[in-house]
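Using the sequences and the hints, build the whole thing.
There are 4 protein chains.
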Amino acid sequence: MLIVMNAHASREEVETVLAHVREHDHTPTELPGKERIAIGVFGENPPSLRDFVVGLPGVVDAIPVSKPYKHVSTEWHEGRTVVEVRGVRIGGEELVVAAGPCAVESGEQLSATARAVAGAGAVLLRGGAYKPRTSPYSFRGLGAQGLELLARAREETGLPVVTEVLTPADVDIVAEHADMLQVGTRNAQNFALLEAVGQSGKPVLLKRGLSNTIEEWLLSAEYVVAQGNRNVVLCERGIRSFEPAMRNTLDLAAVALVRTLSHLPVMVDPSHATGIRALVLPMTLAALAAGADGVIIEVHPDPDEALSDGPQSLTPAMFTELMAEVLRLAPALGRTVARPAVAAG
Amino acid sequence: MLIVMNAHASREEVETVLAHVREHDHTPTELPGKERIAIGVFGENPPSLRDFVVGLPGVVDAIPVSKPYKHVSTEWHEGRTVVEVRGVRIGGEELVVAAGPCAVESGEQLSATARAVAGAGAVLLRGGAYKPRTSPYSFRGLGAQGLELLARAREETGLPVVTEVLTPADVDIVAEHADMLQVGTRNAQNFALLEAVGQSGKPVLLKRGLSNTIEEWLLSAEYVVAQGNRNVVLCERGIRSFEPAMRNTLDLAAVALVRTLSHLPVMVDPSHATGIRALVLPMTLAALAAGADGVIIEVHPDPDEALSDGPQSLTPAMFTELMAEVLRLAPALGRTVARPAVAAG
Amino acid sequence: MLIVMNAHASREEVETVLAHVREHDHTPTELPGKERIAIGVFGENPPSLRDFVVGLPGVVDAIPVSKPYKHVSTEWHEGRTVVEVRGVRIGGEELVVAAGPCAVESGEQLSATARAVAGAGAVLLRGGAYKPRTSPYSFRGLGAQGLELLARAREETGLPVVTEVLTPADVDIVAEHADMLQVGTRNAQNFALLEAVGQSGKPVLLKRGLSNTIEEWLLSAEYVVAQGNRNVVLCERGIRSFEPAMRNTLDLAAVALVRTLSHLPVMVDPSHATGIRALVLPMTLAALAAGADGVIIEVHPDPDEALSDGPQSLTPAMFTELMAEVLRLAPALGRTVARPAVAAG
Amino acid sequence: MLIVMNAHASREEVETVLAHVREHDHTPTELPGKERIAIGVFGENPPSLRDFVVGLPGVVDAIPVSKPYKHVSTEWHEGRTVVEVRGVRIGGEELVVAAGPCAVESGEQLSATARAVAGAGAVLLRGGAYKPRTSPYSFRGLGAQGLELLARAREETGLPVVTEVLTPADVDIVAEHADMLQVGTRNAQNFALLEAVGQSGKPVLLKRGLSNTIEEWLLSAEYVVAQGNRNVVLCERGIRSFEPAMRNTLDLAAVALVRTLSHLPVMVDPSHATGIRALVLPMTLAALAAGADGVIIEVHPDPDEALSDGPQSLTPAMFTELMAEVLRLAPALGRTVARPAVAAG
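Protein chains in written order, with my numbering: chain A, 43 to 387; chain B, 43 to 387; chain C, 43 to 387; chain D, 43 to 387.
In short, the hints are calculated from the structure, not lab data.
Treat the hints loosely; a few may be bogus.
Which copy? The list can't say, so a pair holds if one copy fits it or any two copies do.
Result set (BS3-like, lysine-lysine): computed pairs, CA atoms no more than 30 Å apart in a straight line [as the list claims (entries may be wrong)]:
hint, residue 1, residue 2
1, K112, K76
2, K244, K76
3, K112, K244
4, K244, K109
5, K109, K76
All values derive from a computational prediction rather than experimental measurement.
Written as structure tokens, this is what we have:
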């Protein structure tokens, strides 16, 4: 940490800061300059040290130097993490495409979608049983019954299932039925939930919070990994900006940057990011070109009747076209596309 | 809802939309214009109707007309709500000042702070027993022990207690000890938690989510009220913007606007909003001038040793000065300042 | 500046950075720590030094320590600046209220408004002759004719005139007619214009750019002052955030913060900030409570016929009420309200 | 436009609005609903009509239906625009790569860079002679001398030149030396400049403003085209968000969306968008996959000595690698890569 003193700080103020740092068991180094004095504190600086000094008289600022995350950082961990979800490897050479409806609405709807996406080449089935909705008056999912339907669709198609869990009390039942637990954007800093999914040991798909910085996102991942569960896949799904034309602002440069900061795999959700069907294909290609390890796509057999997120859902035919484009793109990126482990029923 | 067709939409496309609206049991009205056709759908439009039509061929957009919240809206409810917290009335003529440490750290720290703020004129005691922290390595509160200390401080000072609850499983124990349950910014769209605090029947202090629009904030309040619990106080605590100089961007115009949209009381947290001690006093005055019903202030007996949020905590002396300024300001705003029901011990 | 090396940076990488700093005529200090080495460079660091080192191998970041502005900073200048506009002093004890129409539309409209606001107690007349409009199809002002009308209104009422200048070529003609030159939010980083108004020697009202940080805003002021013109009044007018309910997000904490960083006076424009007539009064009071030296208010004799910004313009009656509230508030803030130097005609 | 009345609006309030609309020569249609009345106004609604009604008693909102831009819209113009810059066609089948230094620093620096990028396959030379800088103390370009050097580099390499113009007074001299005029992000709403470059008739590279919505960006393009100059290339270069890890947030979905809203070509500037050298290659590939017609890349022979933007500049070797990747990607996107019209000297 670098503690920056005011240009006119008195000697007494400097001494108070030095004493304060020592009281907290750190070693300060005085760094005199032309304009002002700065004080370096190096070592394992707890972020709280900043809080202890930044309000002292004569202190202009205290600038942390180390990143606050460790387990998820490339600086402290060699090699890249590959997360395995019932045989599907995320983070290796192969690009992974997950697909399915926004919400599980019925056995027929889910089964039709699951068979369609499996047939087109998806290797993971997505679908929400518990839906977080901004309004209490919107459709909020089938709950436990939705989980049963997902498990049945997995049997039918062989596709492992990723689904969202909303609250710690539901982690057990979701973990029983699903192969990967999704933590959604609104829960990205629900720390009790992060610890609960960490303890479950299941692979976790961790969406970036709507207004979370990359550092906060990685710290949320750190919460999961700190429970001994390294099976975390980060998922960029758009952040909130001033732009009203799209549902969110997809931050693809974050994907490229996170791959330099962390060894965890990264996927992208172009459906929620844009909220516009016509943008899902170009943003899928852009995400993979930016370095994403996979994408997660909303598909619905009849999008205009979908109980949620119809406007951004692809038809099965559009999804088939998307898979064709992904297959065409992959070699130009030096990658291959993961194929289903088990043929669709 | 107004469905806007493309300027070149075919008659067939228009007919498809009209049929679609009727299938969903709504009555469309065709509105021909010079440039394009629009289709009005009036009545109780479920937000999902938008989803059903916005992806149809020839549709440019579907614009909702009604606000999605009801219970919390001034349009559907006459008069203003006053929330009573163990005798302290929030939302009436009187301005309410809540104060206390960011986190409960020890019996001594809490007791000293509680007595100081009660002595200076605060009427509610704040203090965190369960702390949400961005990093898993930060101090996260004393938990149940912190609740005990808060209850003891209430006995000592007579001040009702407001404290944060992080997860539905903790609602019972927090409701047992505290007089008002705070839902923090990171949980503003933790819908399971909103429903749990709604069911508790306790007064709720609902902070605005870091990147929540005013409409989303009111919908979160609607979640609580929809459980039959109208005792909700909204709390503006700064939103996330591009500006790095302060912790958050305090949106005081939102306070004035929310007072026209909703009958619920509104408080402001200038400590978290700015993160800078020197700004707490001016922003307290500004908040009250903007129409807030009260403020919630962080005070610590020794801020530079605080385990969290030291840089934004006031000393007891600074808080005493703040109370003096509030007392001086109130008459100019046509308001009075709530006085403690019970004298400090 | 503090140059932070990677935890695993080689000795050779460190030496390269040290040599590089010396080549640029700075003196590096090596600061060894437990986890990593950092390199301090103190003195007058040109911001460009950061650019020279941040791309070198092994460098994680280079963190500037000094603020990049000097002339406008409280750190380098004692006392507060008072800007005098034809006898009206901004930045002293007195609160200053400027008012007038968004755009000058006609002699009758301007004269009626000017007389009304002068009668109610405004001490500066605002009004746009050159209007920046997002769409080329909106009304863009009367230009030179508008300037004539403003000068005539000044004669009529005695109120000094503040009006916007859009481009360097217009600075001379605007300076001839007006008493204070306004640089609008879209031109806040139009550096050619900033230098031109600096050279004019006239008082400048410098609005904050729609997405400018406080540091960028102060650097824009530095552009003007660097031309030898210290008569700069900063004006907060709302920043762009994700919130769609209001035209902009008024950042009143920035007002309080800027008063600690800079000796320049600060005014607030609650009309443009909110875009909603009903919010102008509460945000005026909040701005003054936050420490603003004055406000600038849009008033129109018939807002629903205004050629621009009608929805946020006050009627003369509403403005009279606003002045009454300002007079009532000022003593509680320890301030007085500036009175017109010359009685209205 | 749809005028939405309050649920409790009186008949008199409705009649006032109807009369008001008719006075402005529009035809209102009353749309009675279950909850409230709405009033449709269809035809060529001037945006100002909204202003005229939104402040009337009983009016909740007035929602515009038409897009405010015409010339640049796909709705009113068939086919796609191809902008030709001295033989280089932007917006057709071929992907266009522009490259060069951030700032022209000297004849040697520019010549070395120009020859390197021409040799590697760039077809346009970029380089700033007039540099907008946040701080008045940063290097601000060589001005007219820089233009001469750019013209000389064009002779040497055959590459057409794109360079920024900062103020209307400079448009003539820049247009004399350069083949394409760049309007930078800070001037995206400098309307005097937009009209001046429009009148020049030269091809224009129009960067998106730092916090401009897509609609505002297209309206800025409309300013240029309304002068009779259709040779506008839009350039996405990152918007401002809350994320501090990168210089800006590159909004690639905006590229895909703009291609559906407008017939104008779109390029992307990944260098300014990210500010980080290592992200330029992945974001170049992502931009092209998203549908961009080309990219503009900063290259410097010795980035660590660059007078501006060194940290984001590529070395010539890195640029050669980038071109190889672009050539590899193009066929997978169904496109080809533009080749230099004239061989490098």
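Up to 30 Å CA-CA - K244 versus K112, copy category: Within one copy only: 21 Å inside, 40 Å across.
Since the copies are identical, ignore which copy is meant and state whether K244 and K109 lie within 30 Å (CA to CA) inside a copy, between copies, both or neither. within (27 Å within a copy, 40 Å between copies)
Status of K76 relative to K112 across identical chains (alpha carbons, at most 30 Å): between (36 Å within a copy, 15 Å between copies)
I want to check one pair: K109 and K76. Are their C-alpha atoms no more than 30 Å apart within a copy, between two copies, both, or neither? Cα proximity of K109 and K76: in one copy and across copies (29 Å, 14 Å).
Quick one: K244 to K76, C-alpha cut-off 30 Å, is that within a copy, between copies, both, or neither? Neither: 55 Å inside a chain and 35 Å across chains, both beyond 30 Å.
Of the numbered hints stated above, the single one contradicted by the structure is hint 2.
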